[in-house]
Each structure stands twice: as C-alpha cells, then as structure tokens.
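Residue numbers (the working numbering), protein chains in the order written: chain A, 763 to 1693; chain B, 54 to 204.
Hints are computed from structural coordinates only; laboratory data are not their basis. Watch out, some of these pointers could steer you wrong.
To be verified - Pairs of lysine to aspartate or glutamate residues, derived as DMTMM-like cross-links and limited to a Cα-Cα distance of at most 20 Å, are as follows:
#1 1110(A) <-> 1249(A)
#2 137(B) <-> 988(A)
#3 151(B) <-> 97(B)
#4 1110(A) <-> 1096(A)
#5 1126(A) <-> 1433(A)
#6 137(B) <-> 1333(A)
#7 1299(A) <-> 1210(A)
#8 137(B) <-> 989(A)
Said to hold, decoys possible - Partial chain A-side listing against chain B, Cβ under 8 Å, derived:
#9 996
#10 1289
#11 1335
#12 1338
#13 1344
#14 1347
#15 1348
Glycine is no exception: its CB is placed at the ideal position from the N, C-alpha and C atoms.
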Amino acid sequence: MSDTPNAYVKQDEEDAEIFAEFIAESLANLALVDQNLLLLEQGPNQESVNELFRGVHSIKGSAGFLKLDSVQKLAHEFETIFDQIRHNRIQLNSEGIDVMLRVNDVLRSLLETPTTQMDIQPSIQELKRWELAQSSSGTLEPRECMTPNLETDVTDRVDMTINELELSATQSNAPRLSQPHKSESVNPAASKTELAGQRSIEAPIASPKSGNAHDTSIRVPVAVLEELVTLAGELVLSRNQLLRMIDSSKLKGFLGIGARIDQVTTAMQDSIMSARMQQVSLLFNRFPRLIRDLNQKLGKRCRLLIEGGDVELDKTILEALADPLTHLLRNSLDHGIELPEKRVSVGKNAEGTLQLKAFHEGGKVRIIIEDDGAGVNRDRVLQKAVERGLVHADMAHRISDREIVNLIFKPGFSTAEVVSDVSGRGVGMDVVRTNIERIGGTVDVESDMGKGARVHITLPLTLAIIPSWIVQQDDFRFAIPEAAVIEFISLTPSDIAGRLESVNDCETIRWRGGLLPLVRLRECLPGPCRTSKRRQKINKVVVIETGIFQFGLAVEQVCDPEHVVVKPVGEHLGQCGYLEGVAVLGDGNVAFILGMQGVAEKAKLGVKVEPVPDETVKIDVSRSESQAAVIIRRADGNTAAIPRMVLQRIERVDPDRIQKTNGTLIMPYRDQQLHVIELDSGILNHVREQHRDHCYVVVFNIRETEIGLLVSEILDIRDISTTVSMNESVHRAVCGTVLVDDDVVELLDVYAFADTILNKRLKSSQMVESSTRVGTGIALPEVQTIDLSDSAVDWSRFTVLLAEDTPFFRNQVRKFLELSRFQVRIADDGGQAWEFLSNPSNKVDLLLTDIEMPVMDGFELALKVRSTPRLQDMPIVAITSLHTGAAQRRGRDVGIDDWQIKLDRDNLTNSIRRQLITGKRQPMNYVMETK
Amino acid sequence: MNKPSKPHELMTFEIAEYVFGIDINDIQEINCHAVLSRVPVAYDAVAGVINLRGEVLTVLALGRMLGIKSPPPNGERASYVVVKSTSGRVAIAVDKLKDVETIPAKDLEHLPSNFRLSNQHVFRGLVQRQSGILLVLDSSRTAELGIVQTV
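Just chain A, with the same shape it has in the complex:
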C-alpha cells in the first residue's frame, strides 16, 4: 500500500505550530514506550503495560486528527496488541518486545522525517505474525472480528486522502504554502528549493527543522529551568543569611551591597518563574481543528467557542493538560452532542455548541468545557458502574446524582457501546482525572439531562510555586495550598461546645448552616511523631475543599501565608499518602505539603457529602449571615476588618521592597508594578523604624487595576457577622463597625478609600479612565466586545430592583448602583421584592437579589420570577457572601443569570451592565475576570 504524503499538507502556519508540537509530544511518548518495553523485559508489570497503552493511544489520537495516516494506522495496530496484553489475552515475551521495539523505531522515523515515504506494511505484518504465534500457541483465538473492518476503514481513508491531495496540490494551496519560504531568502537552500519548483507539499515540512527565520527565542530544556528555579531558591536562602550577618556585624559598607543582592535575587527568581508561563491559546488553538475533523468523522455539527486564550499557565501544567483536554472535548462531541437530526427533533439548534473557557478565579485557573448536548445519562452510567463492579448494587440508590455523573472518572469505565477510534476503550476519563490530579488540579462534571454537560477543571497557576498557608502541628510545619482552603475558623473554648457535633461517630463542626466533617491533624500523624498523647484541642480550623472532599482540618496554629517552592517527596515519604511534596521555607526550614486526599483517607472520611442541607441546623444557627474577613491592626491600635471576598490576595512583603517614587509607593509584584496605598499614613516608615522584616499588602482590584493596601499586621482571618452599625464616617475608609468576640472592629471600605486617594492623583495627572471592556481579546466573531464604559450608555434609564435584608449591604450596594447612575428600587426581603415585581406598572430592568433573606429567599424569588411569562426575560443577578459551587448550581437551576460577591463593586456593576446589554436569558455567566 502506498503511503500518503498529502498527510502532511498543512493549511497555514498555525497548523505548522501544532504539527511541530505534536511531533515533539509524540516523540516523548515513544521514548516512554521504549522505556516501558525495556521494563517489561525484566518481568511482567501491569503499570508499564498501561503506560504503553496510553502512550500509543495518544499518538494514535493526535495522528488521527493531523491526518498522519500511516502513523495512525501503525499506532492503532500497536495499541490493539497492547490491549490484548493488558487484558492478559496474550503474553509478552522477549521476541515480542524485539518486534515492538522495531515497530517503535519505525514510528519514530515516521515522525522524525514525515516526508519520507515509508512502507509500514512489513511492520504491521511483523506485529500480526507475532500476535498470531502467541494466540495460536496459547490462550485465545486471534481477533479476527476486528481486523478486516479496520483494514477497509483505513484503506478507505487513505483513498480519500489521496484524492484530497490531488485536489489540494493542483489548487490554491500550493502557492500559499510556499510563502513562508520567501521570507527566508537569506537561506540559499530554501530559495533553491523554491526555484527548483520542488513539490510544495514537501517544503513546509522542512520548516519546523530549518525554521530559523523567526527564531527570536531559543528552546531550553525544562530541566534547565527547573534547576534554575532550585538554585534561585537556594540563593534566596543564602541571601537571607548574608543579610542577617551584615545586620548583626554592623558593617555599614555592606548594607548597600546586601540590598542590591537582595533585589537582584528577587528579580531573578521572578523572571525565571515567568519564563515558564505560556498562554493557554497555545493549546487551545489545536482544538478547532480537532472539532472540525471529529465533526466530519462522526457526522455531527458542532462549533467550538474559545474564551480566555490569553490566560497563562505554567508550561508543565499546560503540557500535562493537552491529553486530558483533547479527551474531554472528544468525549463531549462523541457522547454529548447529538446528531443534527436528533437535535432538531428535540427542539435544539441543529448545530451544537461546545464552549471552552479559561479564566482566573481566586488565584487558580479554571477551565470549563460546556456542551449543549444530551448530558450524561444518569441511569446508564449507574447501570454500567454496577455491571462493572464499580458500585455495589446495594449502594446504587444511595448515591447522589452528582456522584453518579462523576463515576465516569472511575478506572475501567466506558459507556461507548462500540469501540471506535474516537473514544471508548475504557481508557480515558480515569486517565483524564489522574493526569489532572497529578498536576494539582481537580476535575468535576455536572450534567443536565437533555440540556448538556459541563466539565470544570481547576488548576494551579504554576507547579513550581504554590501560594500556601503554613500551619503548625506537633512541631511540624505543613503547607496547605491556598487553592484548597476556603476559610479559617478561629474557635474560642466557649464556641466549641456550641459548634462541635458528633454524627455517626464522626466529628463535625457547624459551618455556614451545615455540618462539616472535622479532622484533627494530630490524628493523621503516626504515634511517634506526636508531641503529646493527649487529644488535640480544637482551636484553629482550616476549611478545606478539594474536588471530592470538604472538611475542616483542625491545626495547632496557623502561621503566615507563603509562596512555597514545591519539591517532590521521595518515594519513601510519598508512600504515606498524605504528603504531596516538600517545600523549603524562607527561613530555610522544611514544610510538608499536605495532600488533602490522603488526609481525608487517613481520617477515613467518606466521599464528600454535598454540604448537608439540614433544615434543623439552619434554624438554630443565628439568622445573621456571616462573611469571611481579614482582621488587621491599625496604626492607632484599633482593629479593623476587610471583607475577604473583595481581596485578590494577601502578600507578605519585605518593607524594603516597597519604594517611594514621586510621592507614590510602588512595589514589584508579579513582574509588574503594584501601586501601594497606606491605610494609615506613615505605616511604611513606622514598620521600617521598627526593623520589622515583613508587613502585609492586601491586593484588590479597582476598575481593572490592582491596588495594594499596606497594613502592618494581620491578626486573623475569620468569619464575622454582617450586622454592621453604621456611623457617619470618622475616617473615609471606615463604613461601619462590627462586633467580633465583643470587640468593636471597624469595617473598611477599601474601594471608597482607594477612590479618594486615587482621585486626588487622577486629577493632578490628567489621566483618563480607561473604558471597561467585557469579553476577551480573541479574534473570534462569536465573542462580542461591548463598550460598557460610563460614557457609552445612558445607564440612568435602567431600573434595578435590589432585594437585600441586611441594612449594611443594602446601603453599600445601593451606593455602588447609584454611583453607576442606575435607578434603584429597594426591597427589604424576597417577599417585598415579589410584591413590587408582581405589579405590572412597576418597571424593573434587572433584579439584584440576596440569597439568604427572610420571608422569601433569593432562590424562591428567582423561581417565581422565571415562572411569570412577563418577567421571564428579566436578568437576575444574585449577590451573596457565600460563594459555593453548590449554591451557584442551584442558582442556575432556578434561572439566576449571574452570581456576584456583595462588596465587589467593580465586578458587580460590570455584571449588571453586561446583563442589561446582552443578558437575554443566556446560560449562566461565571464570575469572570475581565481583562
């Protein structure tokens, strides 16, 4: 059979990029295959067989959509054999390994020099001969049923592509393909190629190798970068020692040198880190092609919408994400999106929509894959799971829908009835999950039967440096990745009696109107590591959420937040299950990174029960809502609170890093300059005078700009009441006072404060406020860019109804709204709001509602609105201080369009504006960072 050179015809340069990446990736996979084959030679080993299978499987998959037919075909044969071995149908012997190594070499040369026409038949035959010899000599009959089908299948495809080749070679493709080479006229070889009129299909293939025309960057092995990261970390430690030494020896002359080394070290570490970041579009750009090809293959019609391609991720994470994402998209299209006829018959648009979004959320990157297909068939999944023994039949009726849907991530689960080369060999979702968890992420599916499914992936920004909270227990220091922490609860001995509860021998703690399983960290540690035999006292509780678990972790002490450089733990330590890594802290000590999965297992927690919606509990928890707040000490000795939700992050910084230029404080922050304002003037000087080695900068967003607020001391992070007494402001930053453990604490309005300070500057420097834009900058026609700036629209013609029971929030939000020139109507609870809305003479353009309200809560209100035809199109935005996934999901079910945090002024007004302009009952918008 002749090979198909047209397989390598590429349509444009973007494809060339994808192509080069595919080659690099596949070669890495092949290297793995080699390794594992050699491992297998030493003795049977199921893990290696699985690795082999996955490696070959992903080569096959990628080759398929790049139309590298011979690679795909050979990989397919290869994979089939491994499948047999995996299921112990045939045994691998050393002769087999020889054969496979040879086949692997053929695959490698096919990939390395894609232009050469290589006959793959001998390799395939060699494989088959061996397989036949094995199966006839032993266990099972050959897989006759499969082979012929595949043969015709592949032959057909090859024929088809040959036709395509002839077409494309004669048509418009040829001149366009040669274009890149014109720019390379310096390269004599290239111009000669063109002069010689060599077939254009070969020309672009050479380019990945000889493509030196636009090389402004060089390839550096990641290992080198990692080494640099490590060394930079060590340099930081040595620097600290040096500075201490200089300080104690009072060698004045060295102070300057020390400071210089200090700066350079920090800058170096930052830039090494940024060298590892890459835009997700690098990965996302492959997918339109994948979807197009799959559409053809499966006879479906589906368009792909991509959002957030400019979000950056660590290279390692991005790479590790390639396979899982490909798989998920493939699955969505294969199993989710229905055939066009079917879609029309159920009243959907014939063309399905797949959305792929990336955005930042709370220091993490989230990726969402959403389809409007059939959703996950709950019953079929359950049935399969029981059949395959993944779930015990008795348990079947006790699992929640959500857990059922997530069963698809169990190893060995595949509901595809036919083994196709798109999906369905039972390799897949479990691998997806393992791969994502390996890079510190979580994955979760939710499905709406008949309406579609949504996969959420949450990822850390970078593998190397993780913002973490350092906690202490029994003289050990542990780092808990910030991504896993929802909040901290500080309990006084008097609280404990009221909040601890024992349910089925399982300790729980009351939290946000539900019961949260409680784990004492000491009990997870082996006996010899504990400092005391006594039961650990409950004092600080960290509320942890991972994809699967939600629980409270009681620790002795919560220390500082710190960005830690994560190192892998050796196998010895790794086998305990609850240590995921180690980190060297700023002071040179070692902290252990707690793997929450392991901790939960150690504590024998079951799979996460959805936050217990226990009505009885709800009632006796006081009706007042609570919100997480950062408690700080002010210069005058008073304590003050800042709502945690409005803050992007809390940075612990060395006061010397903050510099004063032209009356403004500036701090280097993530490769940019962060404008820092002082809460109380002179704090910085004060901190410096005291020779303190750190202070805190809390970072928040105001009109798309990050602003840092300098505070000298953070006392606590905890829930505080939302019962605020208003006092006409003594200080411009204080909007009221709250009681925290019988102390009066000032509640700060950081926005108002920043505004007053910034406005002063704004006027003097004649800066123009940039307009706020919604939507990402990707050149996709589907993504609209709407001008939502103050000047573009006359907002005063819109009326917003605000339903909110807490006077403090009511006033704050009302203030925000009025500042944005909306007409505001107020309702004290859901009942009042409904009364107002049910009168047709009241015109309301948008409903802004709290969730927790007396008389009628926000969910019920939304439900009522949605069931009234007149109000069906009115956008509903929920404002809340609870920000849980479960509440959001429930919100979506009752028709809430968007979900915002009460005091996050900018996002809130943007969301309202967006909803008013575009929001005619679109799918729920997630809280997005608009950049």
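Go by the hints and put chain B onto chain A.
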C-alpha cells in the same frame, strides 16, 4: 558484576562497628554539614530529610534497616552519602566517612550463611581486607529499602 575483570572503586564508610562500601559511580556527592529535619511519618527506613541546595532528599536510616543496634555516636556528626538510583536520589546517614578503595573484582565474596544483619538483599557481597571486613552495598537496592512495592 557484569565485567568481572574491572576492579570496583568503592566509597567506604562506617555505621557503628561495620564498614560498608558503595560503588563511587553511584554516588552523587558526600555532605557533612546538612541539617537533618524530622518528618511527619514513621517509617523505620526514614531518618528525616535534608535540604541539599534546595533539593529535599530523604535520609535513609541504613543502620536501623540493617538491624544495627547502637545509635550513632553523635547525631550532629552524621554525614550523608547521596546515592543516585533508578528511583531518584536518596541520602544515606553514616557515622563516619572513610576513603575510596579499589577492590579487585575477584575479591568480592558471597555473604557467609551465618551473616547476622537484616535485609541481606542489599549486599553485593563482602571483601576481606587486612584491616577487616568490608561489606559491599548494591546502591539501587539500598536506595529502595523501605519502599513498599505497590502492585
């Protein structure tokens, strides 16, 4: 032992009264002043971790794994031999570092049947020298001591 003609070059060190040797090709480095940190796990094989220029290495309590009773004379004076193996790098805590010795391959003998130490599979054999017996360790088996094979 693949090429019997080639002599072994061994780094030798002491744990209690025993002298051990390990192929110098398997050794990344020797460290005498790293600070041992405790770890929140309780495995006999693990003495703790050390921070080696930013890399955190597991320290293997080789003496304990071999059933050598006497504790190191002085915790502070422990030195670490960093061994490269297929499963990564591991530091071995030793009481005293000695020398590099070249041993002709033919001198390597099997362990006697009444040999007393535990985990004998980590030994390649022993060498009888004038100054006493030298126990030769297999570096990768040693490095894997205490790792429970997951099936």
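May I ask which of the numbered hints given earlier this structure violates, with the numbers listed in increasing order?
Hint check: 1, 3, 7, 14, 15 fail, others pass.
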